[in-house]
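Peer 1: Produce the complete structure using the sequences and hints provided.
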Amino acid sequence: MRRYGQPKDITQKYLDRPGSYGIIFLDGKILLTHQKNPKPEIQLPGGGIDLGESQTTALHREVLEETGWRISILRR
Numbered sequence: 143m144r145r146y147g148q149p150k151d152i153t154q155k156y157l158d159r160p161g162s163y164g165i166i167f168l169d170g171k172i173l174l175t176h177q178k179n180p181k182p183e184i185q186l187p188g189g190g191i192d193l194g195e196s197q198t199t200a201l202h203r204e205v206l207e208e209t210g211w212r213i214s215i216l217r218r
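My numbering puts the first residue of the sequence shown at 143, with every later residue one more than the last.
Among the clues, some could well be false.
Stated by the list, open to error - Using 35 Å as the maximum straight-line C-alpha spacing, the simulated DSBU-like pairs for lysine-lysine come out as follows:
#, residue 1, residue 2
1, K178, K155
2, K181, K171
3, K150, K178
4, K155, K181
5, K150, K171
Honestly, the hints are just simulated from the structure, not real lab data.
Peer 2: In structure tokens form, the structure reads like this:
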């Protein structure tokens, strides 16, 4: 997911970490999360993938952590 806003601090060393994010529909609406720290942001639910974790497992874990909801993957 590409982030917009402040550019990276060139004096800081960053580690690449893959992430898994989802578009979650409920009653025709899309779920977004609101982060307050380190700065206010609206985001899709999701986050970093832990070592040995699949993208799907990471997404399920992150959504549960951020919202308390258990989700299912819909396939069309």
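Peer 1: Against each hint, give a clear statement of whether it holds in the structure.
Peer 2: Okay, the hints, checked on the actual structure:
1. K178 x K155: With Cα atoms ~23 Å apart, K178 and K155 stay inside 35 Å; holds.
2. K181 x K171: holds (25 Å)
3. K150 x K178: It holds: about 19 Å lies between the C-alpha atoms, which stays within 35 Å.
4. K155 x K181: With Cα atoms ~20 Å apart, K155 and K181 stay inside 35 Å; holds.
5. K150 x K171: holds (32 Å)
When held up to the earlier numbered hints, the structure conflicts with none and fits them all.
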